[in-house]
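Working from the sequences, and respecting the hints, build out all of it.
Note that the protein sequences, when read in sequence, are chains A and B. Sequential numbering of the first sequence, starting at 744, is according to our numbering. Sequential numbering of the second sequence, starting at 4, is according to our numbering.
It is worth saying that the hints were derived from the structure and are not from the lab. Don't take each hint at face value.
Said to hold, decoys possible - In silico SDA-like pairs for lysine to any residue, Cα to Cα no more than 25 angstroms straight-line:
| hint | chain 1 | residue 1 | chain 2 | residue 2 |
| --- | --- | --- | --- | --- |
| 1 | B | Lys96 | B | Gly80 |
| 2 | A | Lys804 | B | Gly80 |
| 3 | A | Lys750 | A | Thr858 |
| 4 | A | Lys817 | B | Arg78 |
| 5 | A | Lys750 | B | Ala135 |
| 6 | A | Lys817 | B | Arg118 |
| 7 | A | Lys817 | B | Asp126 |
| 8 | A | Lys804 | B | Arg78 |
| 9 | A | Lys817 | A | Gly847 |
| 10 | A | Lys817 | B | Pro136 |
| 11 | A | Lys817 | B | Gly80 |
| 12 | A | Lys804 | A | Thr756 |
| 13 | A | Lys817 | B | Arg137 |
| 14 | A | Lys804 | B | Pro134 |
| 15 | A | Lys804 | B | Arg118 |
| 16 | B | Lys96 | B | Arg78 |
| 17 | A | Lys750 | B | Gln133 |
| 18 | A | Lys804 | B | Val122 |
| 19 | A | Lys750 | B | Met128 |
| 20 | A | Lys804 | B | Ser131 |
| 21 | A | Lys804 | B | Gly138 |
Just so you know, these numbers come straight off a predicted model, no measurement behind them.
Each chain, written out:
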Amino acid sequence: MITITLKPTDVYTWPLSIVDPATGQTEPLPAGEVFTATSTSPAVLATVNAAADGSPELVVKAATLPDANTLGIKVEVTDSTGDVAVDLTVDYPVPAAPGDITLGPASLTQQPAPTAPGP
Amino acid sequence: MSDARPGSTVPNALRDKSEYGKQTHIERLNGTGNPADGTGTIGAPGAPPPSGDPDEEPLPYHLLAAAFHDGVFRRAGETVWLLLHQVGAHHAKIEAVIEEVVEEVIDATLDRPRRRAIVLDVDHMVVSTQPAPRGAGP
Chain A
744 MITITLKPTD VYTWPLSIVD PATGQTEPLP AGEVFTATST SPAVLATVNA AADGSPELVV
804 KAATLPDANT LGIKVEVTDS TGDVAVDLTV DYPVPAAPGD ITLGPASLTQ QPAPTAPGP
Chain B
4 MSDARPGSTV PNALRDKSEY GKQTHIERLN GTGNPADGTG TIGAPGAPPP SGDPDEEPLP
64 YHLLAAAFHD GVFRRAGETV WLLLHQVGAH HAKIEAVIEE VVEEVIDATL DRPRRRAIVL
124 DVDHMVVSTQ PAPRGAGP
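What follows is the structure, given as structure tokens:
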């Protein structure tokens, strides 16, 4: 399961392909095969576009700014031949605004162990 | 004279001496392969003798007619488990039917087109940028 954390300015793109689970080999796409992408949140837009070489690719990006932290958005890709769908999880948190308190990158240091027992 | 039946109150000298008249009620029932003595099938015509094999496993049979099985009345169509020497003319082996169904399921599975899977090529994932959208979500 793929999980991404989406920012409003991010555009994620993945090439799509069809695999035979028995062999693990990529198979050619049947003529006329149509992929469909759906998102469980209107704030996240999922579409299947044609790449420059004509192959299908999944594009996931923000459609609107989030009004609250939205976690666990499900994006699913299906096709017209009924192959096993693929899905991914998108977390779309509210981005920090100027003036917000944020935590910087964590770092680890050590201190002597405390000696006094607890209350 | 000839309508005398065993059990009727007629002198033995007047009883029918035919083969039918010499059998008791239970003996006649046992001769049909559907005995009334609660043992199921003992005495069924053509039944093989007990094998005596202590490892013999009972097999499932359909009852073609109502019968006593282990002393319990069972209706026609019910399934009973019998050793070979207990099988009678009113039992139909159901093993062949089970094999046929299993073969049909296997054939249907083999004939079914396998399902392929859609995959995302994560090795070629691209992250680009766009102008931030304006409106907040609904």
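Now the hints, each set against the structure:
1. This hinted pair checks out: Lys96(B) and Gly80(B) have alpha carbons roughly 12 angstroms apart, not beyond 25 angstroms.
2. Among the hinted pairs, Lys804(A) with Gly80(B) is inconsistent with the structure: their alpha-carbon atoms are about 64 angstroms apart, more than 25 angstroms.
3. Taken as a hint, the Lys750(A) and Thr858(A) pair is broken in the structure, with Cα atoms around 45 angstroms apart against an allowance of 25 angstroms.
4. This hinted pair does not check out: Lys817(A) and Arg78(B) have alpha carbons roughly 56 angstroms apart, beyond 25 angstroms.
5. At most 25 angstroms may separate the alpha-carbon atoms for a hinted pair to count; Lys750(A) and Ala135(B) meet this at roughly 9 angstroms.
6. Our distance criterion of 25 angstroms between C-alpha atoms is met by Lys817(A) and Arg118(B), whose separation comes to about 22 angstroms.
7. For the proposed pair Lys817(A) and Asp126(B), the alpha carbon gap of about 21 angstroms is at most 25 angstroms, so the pair holds.
8. Our distance criterion of 25 angstroms between C-alpha atoms is broken by Lys804(A) and Arg78(B), whose separation comes to about 68 angstroms.
9. Simply put, Lys817(A) and Gly847(A) have alpha-carbon atoms about 28 angstroms apart, too far for the 25 angstroms limit, and the pair is violated.
10. In summary, the hint linking Lys817(A) to Pro136(B) is supported, as the alpha carbons are separated by about 20 angstroms, within the 25 angstroms threshold.
11. Taken as a hint, the Lys817(A) and Gly80(B) pair is broken in the structure, with Cα atoms around 53 angstroms apart against an allowance of 25 angstroms.
12. Between Lys804(A) and Thr756(A) the CA atoms are separated by roughly 9 angstroms; this keeps the pair inside 25 angstroms, and the hint holds.
13. Distance restraint check for Lys817(A) and Arg137(B): the Cα-Cα separation of roughly 23 angstroms lies within the 25 angstroms cut-off, and the hinted pair is therefore satisfied.
14. The suggested pairing of Lys804(A) with Pro134(B) holds, with an alpha-carbon distance near 11 angstroms, which does not exceed 25 angstroms.
15. Taking the CA atoms of Lys804(A) and Arg118(B), the gap is near 29 angstroms; set against the 25 angstroms cutoff, the hint is violated.
16. For the proposed pair Lys96(B) and Arg78(B), the alpha carbon gap of about 16 angstroms is at most 25 angstroms, so the pair holds.
17. Taking the CA atoms of Lys750(A) and Gln133(B), the gap is near 10 angstroms; set against the 25 angstroms cutoff, the hint holds.
18. Distance check on the hinted pair: Lys804(A) and Val122(B) sit about 19 angstroms apart at the alpha-carbon level, within 25 angstroms; holds.
19. The hinted pair formed by Lys750(A) and Met128(B) meets the criterion: a straight-line CA distance of about 16 angstroms does not exceed 25 angstroms.
20. Taking the CA atoms of Lys804(A) and Ser131(B), the gap is near 10 angstroms; set against the 25 angstroms cutoff, the hint holds.
21. Taken as a hint, the Lys804(A) and Gly138(B) pair is honoured in the structure, with Cα atoms around 14 angstroms apart against an allowance of 25 angstroms.
Hints 2, 3, 4, 8, 9, 11 and 15, counting from the list given before, are not met by this structure.
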